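Top line first, the protein sequences correspond to chains A, B and C. Here the first sequence is numbered in this note's numbering, starting from 344 and rising by one per residue. Here the second sequence is numbered in this note's numbering, starting from 344 and rising by one per residue. Here the third sequence is numbered in this note's numbering, starting from 344 and rising by one per residue.
Any given hint could turn out to be false.
Since the list gives no way to pick out one identical chain from another, each pair is judged satisfied if it fits inside one copy or across any two copies.
[Stated by the list, open to error] Calculated cross-link-like contacts (lysine to any residue; reagent style SDA-like; alpha-carbon spacing at most 20 Å):
| # | residue 1 | residue 2 |
| --- | --- | --- |
| 1 | K377 | N362 |
| 2 | K470 | N446 |
| 3 | K377 | V413 |
| 4 | K539 | S603 |
| 5 | K685 | R674 |
| 6 | K372 | Y537 |
| 7 | K436 | V460 |
| 8 | K458 | E686 |
| 9 | K372 | A530 |
| 10 | K479 | F449 |
| 11 | K605 | N538 |
| 12 | K470 | P447 |
| 13 | K436 | K539 |
| 14 | K377 | Y389 |
| 15 | K421 | S358 |
| 16 | K479 | N489 |
| 17 | K436 | K458 |
Hints are computed from structural coordinates only; laboratory data are not their basis. Please read these numbers as outputs of a predicted model, since none were measured by experiment.
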Amino acid sequence: MQFSAHQIATLVNGSLEGNPDVMVEQLAKIEEAKAGSLSFLSNPKYEQYLYTTEASIVIVNHDLKLDKPVVSTLIRVKNAYSAFSMLLEVYNKMRLDKTGIENPVFIHPTARIGKNVYIGAFTYIDKDVVIQDNCKIYPHVYIGENVKIGNDTTLFPGVSVYFDCVIGERVIIHSGTVIGSDGFGFAPQDDGTYNKISQIGNVIIENDVEIGANTVIDRATMGSTVIRQGVKLDNLIQVAHNVEIGKNTVIAAQSGISGSTKIGENAVVGGQVGIVGHISIANGSQIQAQSGVNRTIADSGKKWSGSPAAPYNAQMRSQVVYSRLPELERRLEELEQLLLTKELSK
Amino acid sequence: MQFSAHQIATLVNGSLEGNPDVMVEQLAKIEEAKAGSLSFLSNPKYEQYLYTTEASIVIVNHDLKLDKPVVSTLIRVKNAYSAFSMLLEVYNKMRLDKTGIENPVFIHPTARIGKNVYIGAFTYIDKDVVIQDNCKIYPHVYIGENVKIGNDTTLFPGVSVYFDCVIGERVIIHSGTVIGSDGFGFAPQDDGTYNKISQIGNVIIENDVEIGANTVIDRATMGSTVIRQGVKLDNLIQVAHNVEIGKNTVIAAQSGISGSTKIGENAVVGGQVGIVGHISIANGSQIQAQSGVNRTIADSGKKWSGSPAAPYNAQMRSQVVYSRLPELERRLEELEQLLLTKELSK
Amino acid sequence: MQFSAHQIATLVNGSLEGNPDVMVEQLAKIEEAKAGSLSFLSNPKYEQYLYTTEASIVIVNHDLKLDKPVVSTLIRVKNAYSAFSMLLEVYNKMRLDKTGIENPVFIHPTARIGKNVYIGAFTYIDKDVVIQDNCKIYPHVYIGENVKIGNDTTLFPGVSVYFDCVIGERVIIHSGTVIGSDGFGFAPQDDGTYNKISQIGNVIIENDVEIGANTVIDRATMGSTVIRQGVKLDNLIQVAHNVEIGKNTVIAAQSGISGSTKIGENAVVGGQVGIVGHISIANGSQIQAQSGVNRTIADSGKKWSGSPAAPYNAQMRSQVVYSRLPELERRLEELEQLLLTKELSK
Numbered sequence: 344m345q346f347s348a349h350q351i352a353t354l355v356n357g358s359l360e361g362n363p364d365v366m367v368e369q370l371a372k373i374e375e376a377k378a379g380s381l382s383f384l385s386n387p388k389y390e391q392y393l394y395t396t397e398a399s400i401v402i403v404n405h406d407l408k409l410d411k412p413v414v415s416t417l418i419r420v421k422n423a424y425s426a427f428s429m430l431l432e433v434y435n436k437m438r439l440d441k442t443g444i445e446n447p448v449f450i451h452p453t454a455r456i457g458k459n460v461y462i463g464a465f466t467y468i469d470k471d472v473v474i475q476d477n478c479k480i481y482p483h484v485y486i487g488e489n490v491k492i493g494n495d496t497t498l499f500p501g502v503s504v505y506f507d508c509v510i511g512e513r514v515i516i517h518s519g520t521v522i523g524s525d526g527f528g529f530a531p532q533d534d535g536t537y538n539k540i541s542q543i544g545n546v547i548i549e550n551d552v553e554i555g556a557n558t559v560i561d562r563a564t565m566g567s568t569v570i571r572q573g574v575k576l577d578n579l580i581q582v583a584h585n586v587e588i589g590k591n592t593v594i595a596a597q598s599g600i601s602g603s604t605k606i607g608e609n610a611v612v613g614g615q616v617g618i619v620g621h622i623s624i625a626n627g628s629q630i631q632a633q634s635g636v637n638r639t640i641a642d643s644g645k646k647w648s649g650s651p652a653a654p655y656n657a658q659m660r661s662q663v664v665y666s667r668l669p670e671l672e673r674r675l676e677e678l679e680q681l682l683l684t685k686e687l688s689k
Numbered sequence: 344m345q346f347s348a349h350q351i352a353t354l355v356n357g358s359l360e361g362n363p364d365v366m367v368e369q370l371a372k373i374e375e376a377k378a379g380s381l382s383f384l385s386n387p388k389y390e391q392y393l394y395t396t397e398a399s400i401v402i403v404n405h406d407l408k409l410d411k412p413v414v415s416t417l418i419r420v421k422n423a424y425s426a427f428s429m430l431l432e433v434y435n436k437m438r439l440d441k442t443g444i445e446n447p448v449f450i451h452p453t454a455r456i457g458k459n460v461y462i463g464a465f466t467y468i469d470k471d472v473v474i475q476d477n478c479k480i481y482p483h484v485y486i487g488e489n490v491k492i493g494n495d496t497t498l499f500p501g502v503s504v505y506f507d508c509v510i511g512e513r514v515i516i517h518s519g520t521v522i523g524s525d526g527f528g529f530a531p532q533d534d535g536t537y538n539k540i541s542q543i544g545n546v547i548i549e550n551d552v553e554i555g556a557n558t559v560i561d562r563a564t565m566g567s568t569v570i571r572q573g574v575k576l577d578n579l580i581q582v583a584h585n586v587e588i589g590k591n592t593v594i595a596a597q598s599g600i601s602g603s604t605k606i607g608e609n610a611v612v613g614g615q616v617g618i619v620g621h622i623s624i625a626n627g628s629q630i631q632a633q634s635g636v637n638r639t640i641a642d643s644g645k646k647w648s649g650s651p652a653a654p655y656n657a658q659m660r661s662q663v664v665y666s667r668l669p670e671l672e673r674r675l676e677e678l679e680q681l682l683l684t685k686e687l688s689k
Numbered sequence: 344m345q346f347s348a349h350q351i352a353t354l355v356n357g358s359l360e361g362n363p364d365v366m367v368e369q370l371a372k373i374e375e376a377k378a379g380s381l382s383f384l385s386n387p388k389y390e391q392y393l394y395t396t397e398a399s400i401v402i403v404n405h406d407l408k409l410d411k412p413v414v415s416t417l418i419r420v421k422n423a424y425s426a427f428s429m430l431l432e433v434y435n436k437m438r439l440d441k442t443g444i445e446n447p448v449f450i451h452p453t454a455r456i457g458k459n460v461y462i463g464a465f466t467y468i469d470k471d472v473v474i475q476d477n478c479k480i481y482p483h484v485y486i487g488e489n490v491k492i493g494n495d496t497t498l499f500p501g502v503s504v505y506f507d508c509v510i511g512e513r514v515i516i517h518s519g520t521v522i523g524s525d526g527f528g529f530a531p532q533d534d535g536t537y538n539k540i541s542q543i544g545n546v547i548i549e550n551d552v553e554i555g556a557n558t559v560i561d562r563a564t565m566g567s568t569v570i571r572q573g574v575k576l577d578n579l580i581q582v583a584h585n586v587e588i589g590k591n592t593v594i595a596a597q598s599g600i601s602g603s604t605k606i607g608e609n610a611v612v613g614g615q616v617g618i619v620g621h622i623s624i625a626n627g628s629q630i631q632a633q634s635g636v637n638r639t640i641a642d643s644g645k646k647w648s649g650s651p652a653a654p655y656n657a658q659m660r661s662q663v664v665y666s667r668l669p670e671l672e673r674r675l676e677e678l679e680q681l682l683l684t685k686e687l688s689k
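Generate coordinates for the entire structure from the input sequences, incorporating the hints supplied.
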């Protein structure tokens, strides 16, 4: 795919300085760009690179003043970062634009497939599945009985969705992620063995959710495990049965949420965090990486850290003293010696 | 699937109060049940919901006394929770009842497949594999050369089992789990590079084991990585080469066990726990979530917590003081000041 | 596969004591070996087993002196461990030797496949993919548009490689691992929602890298996430966008590296370690399991531990005092009492 400076200026509604016919075929950061690349300058910290970059085209802010001449063709716009982001998105859409049904696939005759859908080879679609319009279902995806998938949703290769789960519109799920596997529920018996508790609920994923690769969301025992609208989950996350994650909450990689816990809206959870079961986390909570949350957080909008998690500032203060513990012990011993000496000298 | 109150009363051997012809088609918790649902009441805490629920049928304990009339049809049994659990299981078995071999599949001519087996489309079964009766092998499963699988075992979509591994009877393995990948063994060389140590052992999974989604169990360098009878492993767990996990031990999500470690029987390991290699964990040990166990636990039946893991009660006491560390330091400083003043005033 | 003692002695260039015609068909540790097994003795600690083992053949060091007669046929070599390792490798190569293209597969007509390649059934190879000679691509592998794979590389079942990624020579990637999924990048909006930032970079994996099962390496936002030559990654690891991991660095299972962080060469990272984004880790750093690294490590070759990570020795000293915190508090209270009594007695 090749574009001229003129075409790009039109696309971003910008004004052009330099050669309108120069062609680009890739996007790159200004400090790494080679000839044939389109780049952008937004952060003034990087302005130096404008005079050394090999980029054929650079998108810059309207009001940028040049210290010396530049080799690249410039396109001036109101907000260079936004314009470039928009081009990234256009580029990605073109790269990933696929439609049609490849062969072989397994599609149960009762499944209903919408318009303008891509279904990759070796994908399996079971009984009574509904896939709405403009979905992209990549190769090796498994979609169990009675699953419903809304418009414009993308499932990348190797995603598995167990029966009865519901996925909204504009959802993106990356490779290897499992939706609707059995919750971890076992009843201990007198002889030390465990009986499996059947997990007959489902998973509901609302609109505009994105889920990373190799994440697992277990189905509810009864009822639903629910991922609310706009939630963003990273890779390798564990979401246990009957969990609910509130609107626009973001969770980083390798975190785990135990059964029946409810996380509020607009919370931010760092990587490798563990949250115990049957508690609630208030809206807007910010939980630092590697924290272990072991009780309900009722106050919204607070920052937490550590395992067990404590208010961030208190945790930081304890942490600082922790690093001085050997010194603290020594000072305590000195006081003890001092007092002992006094006692003895009496 | 629809059932009448009469049919269900017969199934659970209960006595019926109300309309024997009312039909249900789903199972639900009493506080969430809609018309057409079957529910149950076991915990007295939820008794209030009996008078407001829209459930068409509620299973209750034999001796329940009604405070006022109820709309739902009641089925009285000795133990409402057990009766409902049994119905859950029956329901799930009916939902997941599949047999036959779909198309296309890859089955090597030397593989032996038992009676009444389900093999989903796009599943791959290599040379000399044996799959016994009543197994369910979902789509996209990979079963390598010479793998043996016992009766009544279920492999959900996308499970991979490398060559020579052995899986027992009534085992359940969820999507994306990998059995028998190479252990992480490398010999450091003088030039800073590493030579791979070939991993030629296997994995043995005994009867009645359940393994969650996207878990990994590495094959032994030589000999076997062994998961003993009745073990339950959650999602995203790491089991390294030559590990042995004892009978009826339960391990929660995202925990990792390093190479050659032996975990005893009836242990309970929380989520995100790390256990170093080449140690043993005594029978019945209880290891709290996010613990890091770095040495052998010889005493059976004890509770451990923290990283490095320590006896639970000691850990809790240290934790409490940790949260007061800034105060402790301040008190120490006050004492120092006090003594300094005294010294000076002498 | 069966081999005689004579054949093996020839293979390892050893001298034979005992029956040259005895046959073996498996490899085993000396303390577990049955008749028909080949074993080795290298560590003097295991010498006792030489007199009780049922192994048909044992490879021993040239200078081993026997205390009493042995039943096994012995093969004497310069270095028993090296000779046995070499046999392991030969055995494994023979076990895993596959070539040819199975059916059905999906191979785009523009893809170029080298000589002597194995491609398993149900594997998907998209437009403009290049796979060089002697590669083994197992079943259920997904290789996206324009991916390049060097000679002698093995992708185990269910690996997914997104478009534009580049994989070197002699690379091994285990089942379920995802290469090139989108980095976790979202721009917060004023209404609390997030806009996805398109991730148009790729992943570059250099020669001689091995990656475990169910690991995830995200593509760069722009540019490349880079795994340098000789790196060894274990299972269930998270590598975020734009990370770079230096030559011959080894990372154990379930560790996570956040966006844009650069890890140096010959570093060793334990299991369940978390490393924050946008920092550097010096060459040769050794990071203990479960550490949390939250700032740049500039000094090379040092050992780190804890969360937040601190120099290993300091961390160990603080840890020891931590376990005595309740005692420390009690001693502090005693001093306070003592001083209070004194004050009052004045």
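Intra- versus inter-copy proximity for K539 and K436 (alpha-carbon distance at most 20 Å): Between copies only: 13 Å across, 45 Å inside.
With identical chains treated as interchangeable, where does the CA-CA distance between K458 and E686 reach 20 Å or less: within a copy, between copies, both, or neither? Result: close neither inside a copy nor across copies, 91 Å intra and 88 Å inter.
With identical chains treated as interchangeable, where does the CA-CA distance between K372 and Y537 reach 20 Å or less: within a copy, between copies, both, or neither? neither (56 Å within a copy, 23 Å between copies)
Please sort K470 with N446 into within, between, both or neither, judging by C-alpha distance up to 20 Å. Classified as both: same-chain Cα gap 19 Å, cross-chain 15 Å, threshold 20 Å.
Can you tell me if K377 and Y389 fall within 20 Å by alpha carbon in one copy, between copies, both or neither? Classified as within; 16 Å inside a copy, 61 Å across copies.
Same-copy or cross-copy closeness of K479 to F449 [CA-CA at most 20 Å]: Intra 16 Å, inter 18 Å, cutoff 20 Å: intra and inter.
Reference check for the pair K470 and P447, CA-CA at most 20 Å: within, between, both, or neither? Classified as both; 17 Å inside a copy, 17 Å across copies.
Checking an output row: K377 and V413, CA cutoff 20 Å. Within, between, both or neither? within (15 Å within a copy, 70 Å between copies)
What label fits K421 with S358 when the C-alpha limit is 20 Å: within, between, both, or neither? within (10 Å within a copy, 76 Å between copies)
For the identical chains here, do K372 and A530 meet the 20 Å Cα criterion within one copy, between copies, both, or neither? between (55 Å within a copy, 18 Å between copies)
State whether the alpha carbon distance between K539 and S603 is at most 20 Å within one copy, between copies, both, or neither. Classified as within; 18 Å inside a copy, 29 Å across copies.
Could you figure out if K605 and N538 sit no more than 20 Å apart (CA to CA) within one copy, between two copies, both or neither? So K605 and N538 fail the 20 Å test inside a copy (26 Å) and across (24 Å) alike.
When each numbered hint is compared with the structure, violations occur for hints 6, 8 and 11.
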